[in-house]
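Asks: Given the coordinates of chain A, work out where chain R should sit on it, guided by the hints.
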Amino acid sequence: MLGRSAHWEVPRRVVVYYLLFCTIVLGWLLASAVIVSQASMRHNHEAAFLSYLGRAAAETTISYLETEGTDLQKLVERFAREQSLLYCAVVSPEGNYVAHTVRQRVGKPKTEPTGQHLRWGTVDAVRCRTGTNVFREYRTPLEAGGRTVGTLLMGVREVGWWSALRLTAEHAPLALAGPGLFVLVGAVVLSRVVRPMAAIDAQLRDAAIAPTLADTRLQTVKYRTPSALGWNRLIRHFEEESQGGSLDHRLNQALQSLRRDKVDEVLNSLADGVAVTDAEGRVTFANQALEAILASDAAAGSLVGAAMEDRLGLPAQSPALRQFLDPALHQRLVVQEISWEREGVQQTLRLARSPIRSTGQNHPGGFVWSVRDVTQQRLAEKMRNQFLDSATHELRTPLANIRAYAETLSLSDLIEVERQKEFCNTINMEATRLSRFIDDLLSVSSMEMGALSLTRQDVDLERLFREVVSKVKPQMDQKRISFHCVLPEKFPAMPADKDKLTVALVNLLGNAAKYTPDGGRVGLKVKVIDRRLFVDVEDTGVGISEDELPRVFDKFFRSADPQVREQTGSGLGLTLAQEVIRLHGGELIVESQLGVGSKFTAMVPLD
Amino acid sequence: MNEAPGNILIAEDNAALASVMRFNLERAGFRVTVARSGREAWEQVCSRSFDLILTDEQMPEMGGREFCKQLRSRTESCQIPVIMLTAKALEIDTEQLREELGIETVFVKPFSPREVIRAVQNRLAATC
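Listed in order, the protein sequences are those of chains A and R. Here this note's numbering is used: the first residue of the first sequence is 1, the next is one more, and so on. Here this note's numbering is used: the first residue of the second sequence is 1, the next is one more, and so on.
In case anyone wonders, no lab produced these hints; they're calculated from the structure. Fair warning: this is a prediction, and the values are worked out from it, not measured in the lab. Be aware that one or more of the hints could be misleading.
What the hints assert, rightly or not - Simulated DEER-style distance windows between Cβ atoms: (1) A:Gln376 / R:Gly29: 29 to 39 Å; (2) A:Lys479 / R:Thr94: 27 to 37 Å; (3) A:Val304 / R:Thr94: 53 to 63 Å; (4) A:Glu416 / R:Thr94: 30 to 40 Å; (5) A:Thr375 / R:Lys88: 53 to 63 Å; (6) R:Ser112 / A:Arg419: 13 to 23 Å; (7) A:Ser435 / R:Thr94: 30 to 40 Å; (8) R:Arg31 / A:Arg419: 46 to 56 Å; (9) R:Arg31 / A:Ser445: 38 to 48 Å.
Just so it is clear, CB atoms sit at the ideal spot from N, CA and C, and this is done for glycine as well.
For reference, chain A alone in the conformation it holds in the complex:
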């Protein structure tokens, strides 16, 4: 809006005014000088001329008397030459020209010019005008011895404007130097004062004619005068207000950057890996979780810029890769689960890719990937399935026995009474086993909910241990396991939950019996030291590998060892035992060697 030409337009206008002003002033000055010099010249000239006229009259009179007028013609011609006269003449008393610079006029009667008459003593003059010329005819009588012998005439051009101008021009350089200097200084001062003002003025004019103020772009000026500095300060203030500046705008900007930061922060705080890829499949954003999941081999560098499919390490013909590359699926959400091994650890990742659809565009401009490490979930699922498997087995086995015996009893005739009793006993035993398992299940369930609580009362520990042993003994006898039991001579009384403590100890001893091969050994050693009860359960069973040792107390955990697998079990026994002992304020620890045996030690404080 404010171009270079416009920038200069206003100064030019000002300069024109300025020059006009200067011209008028200088013209006025010049005219005054001419008028003054004309007046002064006329006065000087007149005085000088009158004096010359006097002398010339005297000379003419003498020449007239001496030579009888023969030299008069030469004389007037000399006068005319000396004074640059228009003409010079001598007139006889009779009124004829005796001599005249215009020779033809000699002898002719004098012509009387018309005009204004002026008189200085004996000298008089007629001021007359012919055309543009103004001249005066001076006349002085030639007197000798009291009589007039003639009249001397001199026609002289009056001092006019032109000669005054010439005189002025002679002195002009000196006369105009002063005002000229003022004009120059004025110009400099003017440019310093006016130019910034003009630049500001131009912008204000634009603002005055702009349709809306929004169209007006006020800008700073490059001058350093106080007014320019003030203007610039104002403009900068307004720019701050409007650009970054208005409260609304500033607030919006702050919010936007806050939002962007917040979004990044939120994405980086997600536990799931998140990546954004462009239409070419290159990663443009990856959050920290994803870097952590995928970039365990740090040599591969940052994810940004890499192709997502490459970094997922999908084998060329894997179904997951085929799905991700299938153009038909580019418009849809694709979910795939992949497994890989990273540093010897099997990992399962769940990948979800969804297209980013810009409004009005059919083809996706890129994808959002979310990557979740579901290893733990899958492991938990596997454990739960294992548990379900074992649980159904644990439930079905006693149920199968009960049904088989009951049906046999009801449908077969002629069974000896002894046999009948035996069958009923078996049914009873199996029912007990079933209810114990269900108790375990419920205990673990309430333990999971944190609702497992103890009902403490004084317990006769000796009786408790006898009961525990009696429950496990038949199983050991069946496997011909030699059982060594060392109990203290006298048990102190102990406030405890009898049922739960029994369950825990039965689980420990039952496990020892279950996982010890036929003919093995199981030991139970109970000691009381420093008001603390120590229970050691030792076996010569299959043992637990070092890998699995930390997990034996996890619920539903069952060893992968085939020797363990062939035994039925819920994976709840040890979990429950540990929790019960923990609730009693004690702890349960395990030492084991694969193929040699295991030793579980429970420590419970007596108070």
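Replies: Quick look at chain R alone, frame taken from chain A:
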């Protein structure tokens, strides 16, 4: 009761169940041998001939499936009809068991002993 005598092998680690099945089968007139594991059952199969085998699926040392595989790999025993008893219901694919292991009938615990005996009788009657 005595018209279809046959040698039957029960492979079952659950002693109580094996015992009641033996009781019922013997009452039906069969001669019954009980093995406590797949390995024991395999040893029995190698030493004697049986007309039918009742086997549990989950057993120590050698499971029911493994036992059947061995059974089918041996010419003398590949034709013996097998009835399987199992505590798993969800994972059992009877079609697969029939095709791969020649197991004709699968009973899921808890089963009715009477139905098992009827199945044994029917199977043996068909062979004769």
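Asks: Between Lys479 (chain A) and Thr94 (chain R), does the beta-carbon spacing fit 27 to 37 Å?
Replies: With a Cβ separation near 33 Å, Lys479 (chain A) and Thr94 (chain R) satisfy 27 to 37 Å, so the hint holds.
Asks: Taking the beta carbons of Glu416 (chain A) and Thr94 (chain R), is their distance inside 30 to 40 Å?
Replies: holds, 38 Å
Asks: That 29 to 39 Å hint for Gln376 (chain A) and Gly29 (chain R) (C-beta), does it hold up?
Replies: violated, 57 Å
Asks: At the C-beta level, are Arg31 (chain R) and Arg419 (chain A) separated by a distance inside 46 to 56 Å?
Replies: violated, 19 Å
Asks: Taking the CB of Val304 (chain A) and the CB of Thr94 (chain R), does the distance hold inside 53 to 63 Å?
Replies: Taking Cβ atoms as reference, Val304 (chain A) and Thr94 (chain R) lie about 55 Å apart, which means the hint holds.
Asks: That 53 to 63 Å hint for Thr375 (chain A) and Lys88 (chain R) (C-beta), does it hold up?
Replies: Taking Cβ atoms as reference, Thr375 (chain A) and Lys88 (chain R) lie about 27 Å apart, which means the hint is violated.
Asks: Is 30 to 40 Å right for how far apart the beta carbons of Ser435 (chain A) and Thr94 (chain R) are?
Replies: holds, 32 Å
Asks: Determine whether the Cβ-Cβ distance between Arg31 (chain R) and Ser445 (chain A) falls within the hinted range of 38 to 48 Å.
Replies: holds, 47 Å
Asks: Does the Cβ distance between Ser112 (chain R) and Arg419 (chain A) fall inside 13 to 23 Å?
Replies: holds, 19 Å
The structure fails to meet hints 1, 5 and 8 from the earlier list, while all remaining hints are met.
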